[in-house]
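2 protein chains.
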Amino acid sequence: MLKNLYASMPADTTREAFDDLLAVPGLRIERIVSHGQESPPDFWYEQDGDEWVIVLRGRAALEVHGEETLVWLEAGDHYWIPAGLRHRVASTAKDGPTIWLAVHRP
Amino acid sequence: MLKNLYASMPADTTREAFDDLLAVPGLRIERIVSHGQESPPDFWYEQDGDEWVIVLRGRAALEVHGEETLVWLEAGDHYWIPAGLRHRVASTAKDGPTIWLAVHRP
Chain A
1 MLKNLYASMP ADTTREAFDD LLAVPGLRIE RIVSHGQESP PDFWYEQDGD
51 EWVIVLRGRA ALEVHGEETL VWLEAGDHYW IPAGLRHRVA STAKDGPTIW
101 LAVHRP
Chain B
107 MLKNLYASMP ADTTREAFDD LLAVPGLRIE RIVSHGQESP PDFWYEQDGD
157 EWVIVLRGRA ALEVHGEETL VWLEAGDHYW IPAGLRHRVA STAKDGPTIW
207 LAVHRP
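Going down the list, the protein sequences come from chains A and B.
With the numbering used here, the residue at position 84 of the first sequence is 84, and numbering never jumps.
For the numbering used here, count along the second sequence from 1 and bump the result up by 106.
The hints are simulated quantities; they were obtained by calculation from the structure and are not laboratory data.
Treat the hints loosely; a few may be bogus.
Sample of chain B residues at the chain A side, in silico, Cβ under 7 Å [claimed, not checked]:
no., residue
1, Y112
2, S114
3, M115
4, A117
5, T120
6, R121
7, D125
8, L128
9, Y185
10, I187
11, L191
12, V209
Glycine residues also receive a C-beta, built at the ideal position from the N, C-alpha and C atoms.
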């Protein structure tokens with residue numbers, strides 16, 4: 001469990017890193033660090049629980065199934081992903097880490 | 107409802123500012139901006155719901171009832187405040203804004 005959001009940044013930048021900041025019954029808060037990764041072209045997340053995400057460093061684009069325009073997220077931008085909303089990460093910054101905070105409600 | 111965490115920073119720095127980023131049944135996510143404010147000496151928060159806080163800019167100290175040492179929070183530090191835990195804000199940075207993100211589970 002990470003004690004600080006900016007601590008222990010992943011050394012391996014070839015894949016996304018997922019670390020919990022909090023995990024209690026009914027609530028999980030996670031740090032995600034991306035380095036240019038994106039979801040595979042035909043991959044869609046479709047989650048049983050609700051998720052709220054905020055980008056704190058870097059930038060990213062989300063694709064929501066059935067929507068033509070991407071959701072661009074820069075530092076401070078947040079987005080609500082209700083359970084069942086099909087989405088994928090279309091892109092993340094390639095010039096440095098993108099740090100997300102994700103609040104999951106299972 | 108704020109669209110970006112760093113948008114619309116409060117012009118009035120003489121009091122703390124509270125703005126929701128998300129409010130759905132069972133989950134509320136709030137930005138708090140402090141400018142040197144602290145809780146009154148004998149005031150204690152004692153909340154019905156759980157709260158998770160993270161300081162993203164600035165710094166702050168929390169006092170937990172019955173604990174001798176303060177909880178110091180710098181950028182990236184987070185803290186879990188379960189329902190009923192009596193606490194107060196002992197201090198916040200006086201040289202600039204302290205930006206908190208608070209996740210409330212009523």
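Comparing the hints with the structure gives:
no.: 1; hint: Y112; result: holds (4 Å)
no.: 2; hint: S114; result: violated (11 Å)
no.: 3; hint: M115; result: violated (11 Å)
no.: 4; hint: A117; result: violated (18 Å)
no.: 5; hint: T120; result: violated (24 Å)
no.: 6; hint: R121; result: violated (22 Å)
no.: 7; hint: D125; result: violated (12 Å)
no.: 8; hint: L128; result: holds (6 Å)
no.: 9; hint: Y185; result: violated (10 Å)
no.: 10; hint: I187; result: violated (11 Å)
no.: 11; hint: L191; result: violated (13 Å)
no.: 12; hint: V209; result: holds (6 Å)
Going down the numbered hints, you'll see the structure goes against 2, 3, 4, 5, 6, 7, 9, 10 and 11, while the others check out.
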